[in-house]
Amino acid sequence: KQEVTQIPAALSVPEGENLVLNCSFTDSAIYNLQWFRQDPGKGLTSLLLIQSSQREQTSGRLNASLDKSSGRSTLYIAASQPGDSATYLCAVNDYKLSFGAGTTVTVRA
Amino acid sequence: EAGVAQSPRYKIIEKRQSVAFWCNPISGHATLYWYQQILGQGPKLLIQFQNNGVVDDSQLPKDRFSAERLKGVDSTLKIQPAKLEDSAVYLCASSPTRGSLAGGRRKTYNEQFFGPGTRLTVL
Numbered sequence: 001k002q003e004v005t006q007i008p009a010a011l012s013v014p015e016g017e018n019l020v021l022n023c024s025f026t027d028s029a030i031y032n033l034q035w036f037r038q039d040p041g042k043g044l045t046s047l048l049l050i051q052s053s054q055r056e057q058t059s060g061r062l063n064a065s066l067d068k069s070s071g072r073s074t075l076y077i078a079a080s081q082p083g084d085s086a087t088y089l090c091a092v093n094d095y096k097l098s099f100g101a102g103t104t105v106t107v108r109a
Numbered sequence: 001e002a003g004v005a006q007s008p009r010y011k012i013i014e015k016r017q018s019v020a021f022w023c024n025p026i027s028g029h030a031t032l033y034w035y036q037q038i039l040g041q042g043p044k045l046l047i048q049f050q051n052n053g054v055v056d057d058s059q060l061p062k063d064r065f066s067a068e069r070l071k072g073v074d075s076t077l078k079i080q081p082a083k084l085e086d087s088a089v090y091l092c093a094s095s096p097t098r099g100s101l102a103g104g105r106r107k108t109y110n111e112q113f114f115g116p117g118t119r120l121t122v123l
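Protein chains in written order, with the numbering used here: chain A, 1 to 109; chain B, 1 to 123.
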């Protein structure tokens, strides 16, 4: 059974600092990994999807890396802004999505 | 392109009552998913449909939960009777296709797109 862990559970940084969010998973036989953002009371917004054959994916200030062999993915958010405050979830797809519990980020103005 | 639509957005019921949620996926998306997200946890898959057929319902509590997607488009999820522990956000998602291991070659599992969710409170 796939287990997905996200550390830390919460993070608070001043505006402008770079964010590093970690995700680890137990079974490396995956098809892809997806990072989501969830605002309070809202659904999930897909940020990045990394296929199992890829090492990283970039979109604007976001960069996600994937190391299947070690069961890790990292989401980097450059030059954080207060609008980046949200919960970030990673999900591993090994025929179905298994989610971590998320990292709640607060960016202080 | 319109996103995944869900209704209602909020629902408060007494335990042992029944409730139903509705989902309309993105047009043309063959695969539809229902997830349960308990506060402080990641979403957990309840059921997955491919067109109007069930692909995976292994984590659906079938004694009280049921779901259908009769025409391969809209879907409803029902809880009857509800328990206190059913309080959660129910998320619907859709994706264009579902990958498979046809001929020993893996296909790509496509990105899932989520609706805004229905927040259920059971008192």
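It cannot be assumed that every hint is accurate.
The following label-pair restraints were derived from C-beta to C-beta distances [said to hold, decoys possible]:
#	chain 1	residue 1	chain 2	residue 2	range
1	B	Glu-14	A	Val-20	42 to 52 Å
2	A	Gly-41	B	Ala-2	13 to 23 Å
3	A	Ala-109	B	Lys-62	42 to 52 Å
4	B	Thr-76	A	Val-20	17 to 27 Å
5	A	Glu-17	B	Val-54	13 to 23 Å
6	A	Val-20	B	Gln-41	19 to 29 Å
Here are some, though not all, of the chain A residues that point toward chain B, as calculated from beta-carbon distances under 8 Å [what the hints assert, rightly or not]:
#	residue
7	Pro-40
8	Leu-47
9	Pro-82
10	Ala-86
What the hints contain is simulated information worked out from the structure, not anything from laboratory work. From the three backbone atoms N, C-alpha and C, an ideal C-beta is built for every residue, glycine too.
Status of the hints after comparison with the structure:
no. : hint                                 : result
1   : Glu-14(B) <-> Val-20(A): 42 to 52 Å  : 45 Å, holds
2   : Gly-41(A) <-> Ala-2(B): 13 to 23 Å   : 21 Å, holds
3   : Ala-109(A) <-> Lys-62(B): 42 to 52 Å : 48 Å, holds
4   : Thr-76(B) <-> Val-20(A): 17 to 27 Å  : 41 Å, violated
5   : Glu-17(A) <-> Val-54(B): 13 to 23 Å  : 46 Å, violated
6   : Val-20(A) <-> Gln-41(B): 19 to 29 Å  : 23 Å, holds
7   : Pro-40                               : 11 Å, violated
8   : Leu-47                               : 11 Å, violated
9   : Pro-82                               : 22 Å, violated
10  : Ala-86                               : 14 Å, violated
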